[in-house]
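With the hints as a guide, bring both chains together as one complex.
Residue-level listing of the chains:
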Amino acid sequence: MKLIFELSKTGRAAADIPQSDIPETDIASFIDTKYLRDNLDLPEVSESDLVRHYTNLSRRNFGVDLGFYPLGSCTMKYNPKINESVAAFPEFTSLHPYAPEAFAQGNLQLLHTMQRILCNIFGMVEFTLQPAAGAHGELTGVMMIKKYFEQKGENRRIILIPDTAHGTNPASGALCGFETVTLRSNNKGGVDLEHLAELMGEEVAALMLTNPNTLGLFERNIEKVAQIVHNKGGLLYGDGANANAFLGKTRPGDLGFDVIQLNLHKTFSTPHGGGGPGSGPVGVGPRLVDFLPVPRIIRKGQELCWSDNFPHTIGRVRAFYGNFNVIVKACTYIMSLGAKGLVRAAEIAVLNANYIKEKLKPYYDLPYDRVCMHECVFSGRRQEAESGVHTTDIAKRLIDFGYHPPTIYFPLIVPEAIMIEPTETESKETLDEFCNAMIAIAKEAKECPQRLKGAPLSTSVARLDEVLAARKPDVVWKKA
Amino acid sequence: MDYCPHTKEDIAQMQAFIGINSIEELFADIPEKFRLQQIPDMSPALSEQETVALMKMIAGRNKLPRLTFTGAGAYAHYIPAVVSHLIGRAEFYTAYTPYQAEISQGILQAIYEYQTMIARLTGMEIANASMYDGASAMAEAAVLCGKMSGRAKILIARSVHPEYRRVVQTYAWANGYGVQEIPFAASGQLDMGNLYNCLDENVAAVLMQSPNFFGCIEDVTSVANAAHAGGAFLISGFTDGTSLGILKPAGDCGADFVVGEGQSFGNPLNYGGPYLGIFAAREKYMRRIPGRLVGATVDKKGRRGFVLTLQTREQHIRREKATSNICSNESLCALAAGVYLAALGKNLRKLSLLNIYKTQCLKARLLQLPGWKTVFSAPVYNEFAVICPNSWDINKKLENEGVIGGYELTKDYPELGSSLLFCVTELVSKNDIDHICRILK
Chain A
1 MKLIFELSKT
11 GRAAADIPQS
21 DIPETDIASF
31 IDTKYLRDNL
41 DLPEVSESDL
51 VRHYTNLSRR
61 NFGVDLGFYP
71 LGSCTMKYNP
81 KINESVAAFP
91 EFTSLHPYAP
101 EAFAQGNLQL
111 LHTMQRILCN
121 IFGMVEFTLQ
131 PAAGAHGELT
141 GVMMIKKYFE
151 QKGENRRIIL
161 IPDTAHGTNP
171 ASGALCGFET
181 VTLRSNNKGG
191 VDLEHLAELM
201 GEEVAALMLT
211 NPNTLGLFER
221 NIEKVAQIVH
231 NKGGLLYGDG
241 ANANAFLGKT
251 RPGDLGFDVI
261 QLNLHKTFST
271 PHGGGGPGSG
281 PVGVGPRLVD
291 FLPVPRIIRK
301 GQELCWSDNF
311 PHTIGRVRAF
321 YGNFNVIVKA
331 CTYIMSLGAK
341 GLVRAAEIAV
351 LNANYIKEKL
361 KPYYDLPYDR
371 VCMHECVFSG
381 RRQEAESGVH
391 TTDIAKRLID
401 FGYHPPTIYF
411 PLIVPEAIMI
421 EPTETESKET
431 LDEFCNAMIA
441 IAKEAKECPQ
451 RLKGAPLSTS
461 VARLDEVLAA
471 RKPDVVWKKA
Chain B
1 MDYCPHTKED
11 IAQMQAFIGI
21 NSIEELFADI
31 PEKFRLQQIP
41 DMSPALSEQE
51 TVALMKMIAG
61 RNKLPRLTFT
71 GAGAYAHYIP
81 AVVSHLIGRA
91 EFYTAYTPYQ
101 AEISQGILQA
111 IYEYQTMIAR
121 LTGMEIANAS
131 MYDGASAMAE
141 AAVLCGKMSG
151 RAKILIARSV
161 HPEYRRVVQT
171 YAWANGYGVQ
181 EIPFAASGQL
191 DMGNLYNCLD
201 ENVAAVLMQS
211 PNFFGCIEDV
221 TSVANAAHAG
231 GAFLISGFTD
241 GTSLGILKPA
251 GDCGADFVVG
261 EGQSFGNPLN
271 YGGPYLGIFA
281 AREKYMRRIP
291 GRLVGATVDK
301 KGRRGFVLTL
311 QTREQHIRRE
321 KATSNICSNE
331 SLCALAAGVY
341 LAALGKNLRK
351 LSLLNIYKTQ
361 CLKARLLQLP
371 GWKTVFSAPV
381 YNEFAVICPN
391 SWDINKKLEN
401 EGVIGGYELT
411 KDYPELGSSL
421 LFCVTELVSK
431 NDIDHICRIL
441 K
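Residue numbers (our numbering), protein chains in the order written: chain A, 1 to 480; chain B, 1 to 441.
Just so you know, these hints were derived from the structure itself, not from any lab. Fair warning: there could be bad hints in the mix.
Simulated pairs of lysine-lysine, DSS-like, Cα-Cα distance not exceeding 30 Å [unchecked claim]:
| hint | chain 1 | residue 1 | chain 2 | residue 2 |
| --- | --- | --- | --- | --- |
| 1 | B | K300 | A | K478 |
| 2 | A | K443 | B | K300 |
| 3 | B | K321 | A | K188 |
| 4 | A | K152 | A | K232 |
Only chain B is shown next, with the shape it has when bound in the complex (with noise of 0.2 Å):
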């Protein structure tokens, strides 16, 4: 099946329009020895339906869990069924960016109340449209605090993500900027001491999340407050966003830019993206962030209409001078994250007690299990590190019964030994954690 539907008459009274013998012709720009006969190694076109039965036979290879307790950046929610409705509609995805604002007043003003729910929702005055994802709107945010600050070193928590910390690391190598990690507590919280001690005159910015990678809440207030004394930036990210629902927002904590992953609202796990970048910001640095913006402004009838606007940052216009290159971005990522809020309401801060709720039982019960013993001392949320006799063996353990168990934190932390991340959200039911205190007992 090619979706091409021109017939042979079709084809031939289009050549004879241009003044050609055949299509050959058209491409008589390609020196000849460069012209390819055939495509190597492709196989032959495919009916629809065998297509399906090829794509159902690889994903047939996939293996579906019971039960996911992994989180480490990537969350499993319920998704209400409105969402996949309403993103469904084909004139939202398959449209390009809204360049023409007359006939793309449905993504523009959708957008808009994203940027809203995102400012609101992190505490912070404006929103962009959205980034690639988490980690990128990390790195970006880092690069802009470099160049606002003319500073080159970023201070980054061994308590962030550590795929973040690679991302940022490349994106601040490609810059010139050095990046420095600031260690963890016994709390599981950013080493307040170290990072009085790192913090000099050529610190662009700090960068942490909470709830950190250990599902520790951080006192974002008082990194602010240090970071803010030594002339620095505070970026600060969250692992699940549903967090969001209950604990202070980083924007009502002093922070300058807030940036983490959106997947949670609304975002199937799709082994790892699509997904979309939060980015929040105060806002004196409008005329500097990277990413689209959508703004309000009037028709001249005078009616409220929305279009991408502050465009003179952007790569486009500004060539080399841009704040970013960033041009597509995640809008229909952002377009569920939403619709999902939306739906939600004031309902997010009742998902996220759930989270907690079903997060300490399985703390509790696991604790109880010999050997097994609490890694730090924090508060957390949907996430906690353990201790546990031969993690690799565990998890083996619980795959066998078709369950993802926890992340394996010493491949990133060997300070931490024989370790496991867990993540517990609404989905997991009292009985499945039963089930895997069973298995592991």
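Pulled out of the complex, with its shape left as it was, chain A reads as follows (with noise of 0.2 Å):
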């Protein structure tokens, strides 16, 4: 497919702008010519053109709405129309962020309520909402962590984080001064309780665990976990990234944690929009409430306000309050699922994960065989031995069978990992047919590997040079 600037012809335009209602003056009167352009480089189309470039790119992009979508880790559940619809009430969207606080009090009081429900499902005491996105949270959690120890006049210098991290774990951890070191996991797929132990001292600010983690096993030894960090004077540190898994089961604040992220595009329904706008809001326990980002909402009499005065704040993480239309969407899902929607949500995503993990089990080795929870990790090893056939070549094979691939390569501890969340919103339909095409791919890899290795064939392109990419990068469009 073309460029847009290949399509771009020196006249057009999509977008018009109207006749100034004043006077025109010369520029140069208002502002010196010195700080002034002399070029604008912009792709000039017209509007017929502008539109059918962009639905075409469309076309070739795979979403949720298109099919099953696999994706480990990533929550990839439906995202429902009414939410979508409610996000873009006029009310909600319009708002500058300073609009004084008499104008705003809708907003206020969805974001309080917010704040509220995830206290609720979580059990933790305080959230904030202002983090863009999962691993912004982390940074804010860890961030309240340095913060709590330079109080106590601590100096902590080392987090802990499991072998099945996410990658984003020891980043927020390094991106605040942190020094980390790798906790093993068992031979059953949880924390090494010896290992956690030996580790644990007085120079060691958390633990960062993911709970269930990347495994998609929950840690029976939570309770144990968590008094090993507590006895040291440590936090735990929760990811929520696999909070789909526990939704009204088990809440993290009673299990010990002191301060979890949520990923609101992967648990509460929030598009994911090709790479976000996500949400990652930020609960507490009692020990760092203190700390919690500015601002805050605060009660004056019956109007809701916002405050920067908590002395002991980490500060602010981004300029206003949060990604508050991704937060209007996850809130409108709430409210529809309620209570018993939530849990529903929990139960039917487990079951979905069991279901695939038995169906496929035969076929695929499966490292740890245990019950898992929202997401199940096979590995592609003995697709290996056999005939050469990489993980990655199953992914590309599945493209063809009509399907989003799974994670592949993560975690990092399975090789050949290959990571399947089906989530709820997923029939029993859907599930027979990918375990039909999963076991289909299985019998190719042995009986015709160079199908796999070719895959995918149905793809606007066939795939591409990874190496070239990044050996001589091109990510911005020169003219020829």
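Right under this line is the structure:
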């Protein structure tokens, strides 16, 4: 397909600008010409060309609305349309962030309600809705941990991170000046308690734990884990990326977590937009409340308003108040589901994952064969050993069957990992058809490995040369 | 409504296949004492009709203004109809990050085009796929400069958005860097004399915005020369992105990084988010910058295609050695920005001019009011600061007429006294200007 720049023709425009109702003056009388630009090289296209260009691009993109998207740890559930309709109310979209609070009582009520609901669901004392995404939430959480120890006058420079953790965890620790130390998993896929006890010392600030972890397994020894960490004065951080697994079943606050981040674009059905916007609220227990980012919502008489007046805060982590419009969608979703609907979401998500696990177990290696939560992790090592087919080939072949591939090569402790998260919004028929495709691919791997290596055949482009892309980076188009 | 398609029979069959009698058995790993019976204090499920009614009621507690004269980092602009229609294509908005390039060419190409437009607009060689917002983009650029230079001090103009300064402060503290403010001169521009005094061998970067928070256009070239003479990087931002339609971009003035808020390009105000952080840089820093990058390449048949590239900078490969922890960015907002910029094309310059004419008109009219005085002498884009008798009363008067007035500068700049920062965009008509002048007379 052509680039928008290749469609450009001097003199065209898809958007017009009204005539000025104020007499036009020589711009130089307001602004010295040394401050003005002499070129503006943007595409010039007609409206119909513009619409066809982006519509055709959209046809080269796969979203949940097109089909099953079992991307592990990303919780690609259906994005209800009602959320979009509500978020498009002009009352929600058109208010300026600095509108006087008297104009914004609806927004403030929505945010305040959302904080309270999240506290109830997750058993935390308070939530901030400011972080723009999960990793931003992690950063906010780790900053609060840093501030907490700074306040106590303790110099703790280490954060423990299990080998099953998301890559964002170690990066978030490092971005706050912490040294990260890897905690081993045991042969059941849980935390190696002995290793934890050995590592846990006075210089360790926190353990960042994803629970259920990236193997899709719930940490059975969570109580002991929390004890070991807390007994040495450390804090327990929870990566809530996988929160869809336990809604209404248990609460991180009750399990001993001092701080958790959520991903509204995973657990609470807001669309991910092809890479954002997300929203990463952070919940805290009593130890960290004072350090929450500002501003926070407070009540003044009948009115809700913003306050910066929290002396121990870590400060601000972004401008304004958070990805408000994303929060509107998540709030709509929670209101629709209600208490029972949230529990059912978790139950069916876990049922679906276990169903896939059992169906595919005979065909793919399952390194940790136990009841899983919302996702299951297979290994393609059998296919690799038998026919030299790699997990990436299996994934690419799935595209030809009409599916978005699962997450692959993650978690790192599983060789040739295939991480499948079906979510609760997929029917038994969808799961059956998907499993049939996976089984057919396992068969193809034996009989016709070349077909996998040549996949996908059904897409607008075949496999792309990523080495070339990295060796000779071309990230901005230049006229030939 | 819970969106689960499962019938009772489906569940029974699936349980039988797994070999369990109840779904409860699947949660046996959660220790009994931590099992929750029900979520406390949660309302029951609502039908779609009831949900809409509830959300309408909440929305109805907002009051929509007739006019908004506040900018201060978020700008009310007209958004062409094509933008919402195109970004509303479910193939775009219901997708995840394009990890599987072959079925994500749509968003990948659109972001590659966005990167190109941003690079051209900012006068830089490269741009990434977006950051969370303008403030965090600036903060991440500052941290990067600290790491690249091995220096521990950040200089930031006091004329940078107050919330951006706080965000930079937070990120700098977390990384052990100090932040020092550079005051503004009587012109409203950065005080060059003070900058020279503060530039020493510990300074990693100088941070500024042009137009700055007061709407004043800065002499970026002079600041860049000073920063570079001191061995520091220059990170230059902007307030309203539409100013780039007419103002010389910081990239053409010697900045090393251009960061800023991209909301003005086709994204609604949304009470502060989601917006998008623009991050553009010199090509030589490509392997160090945070965030996703889309790159062009070819498939095995030689056809052009696009992939996420240079991922070895990123957290999921480099883990604790990554240049940033950013993962999700603001892709759909960047898509909106790309569509907006492609829709306007060279008309962006006309839009900038319209903003300037209207701003100058309101400024001249307000300065005719008794006791109203201009604050700064530097040229402005679409915002300007005025000293006025009792800013709080003035805004209340406007509010009573359903008008959101100027941003009260006093809370962040007590040294300015009673003062307001007004913003005028193309959405304000001459009649509107007459209207508010009548109210204030």
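Verification of the hints:
no., hint, result
1, K300/B to K478/A, "holds, 22 Å"
2, K443/A to K300/B, "holds, 26 Å"
3, K321/B to K188/A, "holds, 29 Å"
4, K152/A to K232/A, "holds, 14 Å"
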